[in-house]
Structures are given as structure tokens and as C-alpha cells.
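S.K.: One letter stands for each residue in the lines below.
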Amino acid sequence: MSLLPKNVRTRLTLWYVLAFTLLLLFYAGISITLVYINLRNNLDDQLQQDYEIVENLIEILPDGSVRIESEEDPYFYERWFEVRSADWKLLYESRPFSGKSLPPVSQKEKTTDGIHFHSLKLKNDVAVRILSGKMNIEGKRLFVRLIRSEERLWSELNGFLLLMLIALPVTILIAGFGGYFLTKKFLSPIDEMSAKARRIGEENLKERLPVKNPDDELGNLALVFNEMLERIQKSFLRLKQFTSDAAHELRTPLTAIRSIGEVGLHGNKDAKQYREIIGSILEENGRLTHLVDNLLFLSRADSKAFNKRLAPLELKSFVEDAAEFIRPLAEEKNQTLAVQSENEIMASADRALLRQALLNILDNAIKYSPENSIIIIRVDLSESNRALIEVKDNGPGISEEHLEKIFERFYRVDKGRSREMGGTGLGLAIAHWAVAAQGGKLTVESKINKGSSFKIIFESYK
Amino acid sequence: MNILIIEDEQKVAQALKEGLENENYAVDVAFTGEDGFFLLNSKHYDLLLLDLMLPGRGGIEILKTLRKNEQDIPVLILTAKDSVEDRVLGLDSGADDYLVKPFAFPELLARIRVLLKRGREKQTFYLQCADLEMDLVKRKVKRGGQEIVLTLREFDLLEYFLRHRDRIVSREMLAADVWKETNRATPIDNLIDVHIARLRKKIDGPFQIKLLHTVRGVGFTLSEDAP
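Heads up: the protein sequence lines correspond to chains V and A, in order.
To convert, note that position 158 of the first sequence is 149 in the numbering used here; the numbers rise steadily by one, no gaps.
Counting from 1 along the second sequence, just add 13 to a position and that's the residue number in the numbering used here.
There could be a bad hint or two in this list.
[Said to hold, decoys possible] For lysine to any residue, the following SDA-like pairs were computed, each having C-alpha atoms within a straight-line distance of at most 25 Å: (1) V:Lys125 with V:Ser235; (2) A:Lys214 with A:Arg126; (3) A:Lys94 with V:Gly416; (4) V:Lys225 with V:Asn195; (5) A:Lys94 with V:Ser235; (6) V:Lys453 with V:Asp312; (7) V:Lys263 with A:Arg213; (8) A:Lys114 with V:Phe401; (9) V:Lys358 with V:Lys383; (10) V:Lys299 with A:Arg100; (11) V:Lys358 with A:Ala188.
Derived from the structure by calculation, the hints contain no laboratory data.
Same shape as in the complex, but just chain V:
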């Protein structure tokens, strides 16, 4: 196999040429055979005509010998034939060229009735065609043999063969070149694609492979690659966005710490003021710590280094427990946190992760819902018979443009306000991941001024 050239174009051409050559050889073989048969049939026809002429000219003399009428006819100078009696005795022969006798009558000629053709080679290497036939003339049985040289037949056949031998390599050569250029033409999109792909890097992820004809296989391949590039570009952008967002988020408390410190060093202050300053710095430090904790949690989530333990979980008590835990926050805003659960539903979930998700969603709902509103936590079976926890609020709602990005890290609907409330912008991203990590799905539906509904859907326990 190592003898085969590596590149597809040459390999394709070689296979193609090989197949083409075999096909041509087969074709040439058949044509030569056909030409040969055709020429021989012509020869046999001529012999047969001669035979009929000779038959008409044979004259039997009273002494039993044979005479040919109009012997002087030039036609006979060129004809080579012999006449024998029924017991194979030679009665007459005309030998215009060789002057040699024909080979003795073979057994086959003797036994065959009517006309019989066969070819043979004379002692002087001349190939001849022989017609042997038995005829009745004036009640006497005679055996006649007519001979014609096959020389012309063979020279014509050789001419044809020569033509083939010249034409065949030329044809193959032309076909080979043609094939090579055709494959080159058809495979050229691959070269363009690989050249392009080689140039696509971090800086120009936007670029795509050329698609010549989207309906053929290569075009389809390019399309598939382009889709892959699209996905890579998106996740790359997300990562870039995330890194810059994270840096930005870290910068805010860092700036605060720096300014507070610098201003604090300025001028003389009493101990109480210094305590305030240090306390304020520590507060910012707390924010930084919180942010880093969340980031670490998510990065661990990304690297899948999280051990989730799925176990049967009774949802009603689980949800009530979580609601009880966070209820004081709702009470501060006079909000009602109501749990609705009619049936006992068992789910298969990681309790800690699910709690993390639910608490983050509830925290978010309480934060953004107005005072005196109601937040409903509903436990039910989804339409597809999976476990469902829905958190429905009467908050301001989320507009469509924000809705699709709400689970992205650091994404905030109202940037200033969220930070004021102490959010890191990671709560819903964490919730989203925590649900996904146990094979569930977190979705959101919302309309401006109509409130929002977050749905956690995951495997029920059977």
C-alpha cells in the first residue's frame, strides 16, 4: 500500500486509468475478434462463389477423367483447386502460385457431407483457407477442394491491430490527463477549504469556508464545517465576554477599596473614622470574596469536577423547606411566599444542587418583585410527566431581548440596580447550571408587567 501515492487526486487518476485501460483492452479484443470473423466470412463467401463457378465448369470425360471447360479463361490462373474422385484419387488440380500439393485429405473432410471450411498452414508458412465439398456431376460423385490464401486477411487484421496498439496508449494518455484535470477541478474546493481553514484562527473566527455548490457533497462538507465554526465562534465569544465581564466585576470592588484607602490616608482622622474606613474596605473585600466563590463554583461546574448524587427526593417537603429558609427575605417586603402542591411527587435529584438552584431563583424573584406581591411555588408533574417546580412572581417581567440572555453569566437586566442590591449577576447562571447538571432544564417565560415564571423540569423518580 505504501507504493500508492498519498494524494487523493493522483490515486483517483491512477485507479481511473487502470479501469479505463482494462475496459479498452476488453473492447479492443472484442473488435479484433469481430473483424477477424467478418474477414473470414468474406473469404468463405468468395470460396463459395468459386466453388459454384467450378461446379458449373467441370466436365467429365468418357474415360472418367475430368476436364475444365474454358481452361484458358484467365480466371482460372488465379484459382487454386483440385478435383478428386469419390475414392479420393486426384483427378485434376490447378496450382497457380505455389506449385505445391495440398496436404492429404483429412478424415474430417472425408466424412463431412456438403461444404466444409477450414484453415491451415502450408509447409512454406502460408496460411490458407480451404473449402472442401462433395458434388454430383452427371451422376458421378466428385470431391472438390478450393484454396485461397489468408494473407490479405491477416495483413488487414494486423493493420487493425497496429492501429489499436497506437491508438490505445494515446487514448489512455488523453484519458489519464483528462481524468487528472477533472479530479483536480472537482477536488479543488477541498484545497481551497483546507487553505482557508488553515488561515482561520483566533483572530478571524468570523471567516467561513467557501461553499461553491451547497447541494453537492463537498459543499455540504463545507457547510457542516461552517456550522462547527459558528459554534466555536459563539463559545469563544462567550468565553471572551465572560473573562472581560469577570475582570470588570472584579474591578468595581477593587476601585472602591483603592479609593476608600486613598481618601482615608488623606488628612488626620479620629479612630472612629478610621474604623469606618477599614470596615468599608472589608465590606468591599467581602464582595470580592463572594464573587470569587461564585466564579470558582461555576468554573468547577464547567470542568465537570462536580460529584452529583441523584437520589429520590420528595418535592413538597423539599420546596417547603427551601421556602421556609428564605421566607424572612420575602417577609421584609411583605411578600407572600406560597407553596402549591397537590400530589406527592418524587423526583430523582441531587438535593444540594436543586436547593442551590431553587434558592437562587427565589432570591431573584423576591428581589425583583414589588412589595405586597405574591410569589407562588408550584410543584406538579409536567406535560411530559416529569417533575416540575415553577416559581411565579408578579414582578415587572423581563422583556424579550433580555429573556434569552438571562441565564448568561454576569448578565443583568438593570445593571446599576442589581449591583445595588448586592447581586453578583451569577445567581441565575448558577441556578441554570445546577439544574442542567442533574439532567434537568431551567426555562423562563415572562411578559413585561405580567410577571415571570421560572420552571425547573427534571426527572421524576419511578
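Could you slot chain A onto chain V? The hints should help.
M.R.: Quick look at chain A alone, frame taken from chain V:
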């Protein structure tokens, strides 16, 4: 009480030393594992604060050697690594406790006290701060002889403050010890603040002398004297 700190980050080591000395511990600092090991073998210590990521001899290695030599000094690990595997590795190697950086200093103090007291913890049924009294058997709280009704959570919270009387308690400590919430990514700070506000209203509200104070940026403290 002698404490040895093995920590290569000088600022952190210095801050720890000062903070612990303020609490009347005698503190030595080693910046490398080798120095620390030398000190451990030349002097008696009651507690070792051990950083895991050290140049040269790593913290885990020091810990394993210590335990192999059958030195049963309590060891508290300080580290920035906080995955479950890291914790298990630290504890399996013979550490007594584990604190993830960045940690709140009050929490470090609390852990140190627990480690030093270990084995001779006294059972208490009665806690007190000024005229605030807690009866753990009857689960009743009184201030100035007047009974105060607390919810379960408020009772646990107050008990924790009374047990750490005059000391600063951080939000992280409350989250871990009162709420049993170990996951640091759970949004709990606001919740703690709400509970503190309610507790404060009940135990301090009508009284002249305030007991529950906020230490800005650090946490809270229950004390007769304002911090």
C-alpha cells in the same frame, strides 16, 4: 498557648501573628516548610497553622511526616484550594480542621479555640450576657427578668452569639454553624441580616443598653461594651 504558623505569604503570616498575639497567644512564624519543621522539633507548640502551598516541602508532606513521627499536635490547614478532594486529602493526611482562604479572622479564632479546647468541652445549660439570660433546658430567654419569645432560628442564633460572647462572629460562621449552609455560592447574606435585625429588635429594642452590635465589614458581636 504556643502557636506555630507555617505560611509563605509574608503579609498573611504577619497579619495572623499580630491578630493571634492580640488574643494573647504566643506565635512563631516560619516561611518555609523546612524552617517550620525545625521549629516544631525544637520547641513545644499547642497548635500548628499550616498553609498547603509552600515552596519546597509542601504542607501535606509536613503533615504526613508529623503524623508518622506520632506528634499529635492539633493542625489547622489554611488553603486556597477548596474542592472536596482537597479537603479529604488534607483531613486524611492527619489535619484536624480545614479553613479555606480567604477566611474571616473571627472564624479562625473560633476554630483555634475549638481545637485547643478539644476533649474538655463543658456542658452548659445556662448562658448569660449582662442581664440577658438563656436557659438551654427550658429553652427560655429573659432580659431583665422579662421573658422574650424567639423563633427556633432566632434561639439558635442567640445561643451561638452567647457561646461566642464578646467575640466577633462573621457571616460565614453563622452560615456554616447556624444555618448549616456549607455551599458558599448560596445567597444567604441578606437572609442573615434579616434574622439579625429581628433578633436585635427583640433583645435590644426596648432596652437602654444595646448588646448585639454590628462590626462593619467583619460581622457581629454580642457584648456589653460597644466594639
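S.K.: Take the hints in turn and mark each one as holding or not.
M.R.: So, going through the hints one by one against the coordinates:
no.	hint	verdict
1	V:Lys125 with V:Ser235	violated (111 Å)
2	A:Lys214 with A:Arg126	violated (30 Å)
3	A:Lys94 with V:Gly416	holds (24 Å)
4	V:Lys225 with V:Asn195	holds (13 Å)
5	A:Lys94 with V:Ser235	holds (24 Å)
6	V:Lys453 with V:Asp312	holds (23 Å)
7	V:Lys263 with A:Arg213	holds (23 Å)
8	A:Lys114 with V:Phe401	holds (24 Å)
9	V:Lys358 with V:Lys383	holds (13 Å)
10	V:Lys299 with A:Arg100	holds (17 Å)
11	V:Lys358 with A:Ala188	holds (20 Å)
Figure legend: structure checked against the earlier numbered hints; hints not met, in rising order: 1 and 2.
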